[in-house]
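Colleague: Build out the structure end to end from the sequences listed, making use of the hints.
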Amino acid sequence: MLFSKMFIPTMKEVPKEAEVVSHKLMLRAGFIRRLASGIYTWLPLGLRSLRKVEKIIREEMDKKGAQEILMPLVQPKELWVESTRWEKYGKELLRFVDRNNRDICLAPTHEEVVTDLVRREVRSYKELPLILYQIQTKFRDEIRPRFGVMRGREFTMKDAYSFDMDESGAEASYLNMYDAYMNIFKRCGFSFRAVEADTGQIGGSFSHEFMVLADTGEDIIISCSNCGYAANLERAEIGFVERETSRKKGAFKRVETPGKKKIDDVAQFLGVAPDKLVKTLIYNTDQGVLGVLVKGDREVNETKLRNLMGLEYMELADEETIEKVTGGPLGFSGPIGLKIPLVADMDILFMEDFVAGGNERDVHVVEVNVEDFAVKGFYDLKTAQPGDLCPRCRDKHTATKGIEVGHIFKLGLKYSKAMNATFLDNGGKEQYMVMGCYGIGVSRTVAAAIEQGHDENGMVLPIAIAPFEVDVLPVNTSHAESMELANQVYKALLDKGIDVILDDRDERTGVKFKDCDLIGIPVRVTIGERNLKDGYVEIKLRREKESERVKKEDVIERIIAHVEELKRV
RNA sequence: CGGGGCGUGGCGCAGCAUGGCUAGCGCGCUUGCUUUGGGAGCAAGAAGUCGCUGGUUCAAAUCCAGUCGCCCCGACCA
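For the first sequence, position 232 (counting from the first letter as 1) is numbered 232 according to the numbering used here, and the numbering increases by one without interruption.
No wet-lab data here; the hints were simulated from the structure. Some clues are possibly wrong.
[To be verified] For each label pair, taking beta carbons as the anchor points, the in silico distance ranges come out as: (1) 241 <-> 336: 40 to 46 Å; (2) 480 <-> 549: 19 to 25 Å; (3) 455 <-> 70: 36 to 42 Å; (4) 430 <-> 339: 19 to 25 Å.
Beta carbons are placed, not taken as given, at the ideal position from N, Cα and C, and that holds for glycine.
Modeller: Have a look at this one:
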């Protein structure tokens, strides 16, 4: 490809709309342009990177026996009603009507359509297992699209769905996909981790998120460097060490705490640390009002609570409800004398002489102990943070930021039951198919590569994702000898199957260098009069600071060696 | 949905408070000459319904109202 012929609108200045580095660089490097909030056009350079990611995905999925299909973006309401998601999905599901007033939507995901397809076509256990996938546009009407292509409304996703005859088959499919994902992200050149994610009602360790490690990531990963445990913040479990406590009973005392509602205010007023307090949160749930106790300086993890209690719906109670069930106003709730069911975080079990609300205006109680009230049990209910203990080895947790690029999930019978996707087993008996689903944010993967690889001059992309592998850069296009060699090198590399661009533009050298750096091309070959005089050209790797001088006869060989080396990583 | 900010040639901005000449600046773009190893120099150009609609006024980028778009922050922890 000739640089002069390619549509690469680079920018020196950053459009004000961009906040994060990947977004800024994608705009500056001419990868994408915004059409509307969260909706982007991919330009030739960006599309090349996107296609490279797609290619890796296709190869690895195919290797595992998954088969590519392509499903519609526009879908009828009926299927979504069947799965009950027409009601449940919320506003992210963009709905509208066609000319005949039929309700339709833009697909945010494809469980419904793929399940419909398979239930119609697959009848026998002999046709299972089956893994289908597609790389396709999704539309999710996000509350707040941001960070360019990282959280867009319209985006490219690879989604795969597995259908098995039984649990063990489904597990095998899951592991198969897990393996494929590991290979995909390795080939993309990422530094990443597979972390345990929330599995909701299904439970078990059958959901993993694939996180690209980057300081600018939106997600927090809790991990243990000792045993390798890793989970997202939502799920991360916390280990505990048993400890003797005094178990006093009835020693608590009322204290006046006028107007002190917040943990910090109460702590300050009483002259104690916030971790000597216990806060009592009142929730409205589908199982009635529920009280949750957690140490003053920690936060309830609602996902853990929901999973523990099997809650469908939960939300913090309003002031009115609080007054009704506790007898005191918001800010003064405590466990003593409460009539509603209570669950407590494990921390509470090991606390002694703590402070809690008095269920009365302007009153707290001090020197409270667990013997003073009744709870249904002590559980891991708080959100993990660094320094907490690993559930497996009791070493300390650390926190890292990451960008979620992939998510695999065992669905079980959720959709097959709702939509009646069945097959006949070898005994002639009708059974539900056991499903799994597996997603990769393809456009986000490109952005993640930039978040992970950049410097002050622009992108520093892994060779697997960079739009080109090599940039051949003649310093002066009017110098015949330079141009001749440049063309020669360019053609030779093309012949070797290397993805190369020749910067044949009649621009100043600085401009060409800046552009080359900006778009993150891993290998640059500079051909200039100065070096050529002695029979040399210069090779520079994007990620290295220094360049090397190479005899012009050896240049092809050196470049190929570099490309292969970079591909190995 | 709540709060904040922004909207002026392709990009980044100034001008607006206190309305008034031909709406400026930098980058980019076009042409010519010079230049050619890290975003060049000189010269000459092209390009803007000041987001849109309505209002106030002799006069609106500037004041008022409405509207659209974009960005940021937040969305309940007692």
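Colleague: With reference to the structure, classify each hint as holding or not holding.
Modeller: The hints, checked one at a time:
no. : hint                    : in the structure
1   : 241 <-> 336: 40 to 46 Å : 27 Å, violated
2   : 480 <-> 549: 19 to 25 Å : 22 Å, holds
3   : 455 <-> 70: 36 to 42 Å  : 38 Å, holds
4   : 430 <-> 339: 19 to 25 Å : 48 Å, violated
The structure is inconsistent with the numbered hints 1 and 4, although it conforms to all the rest.
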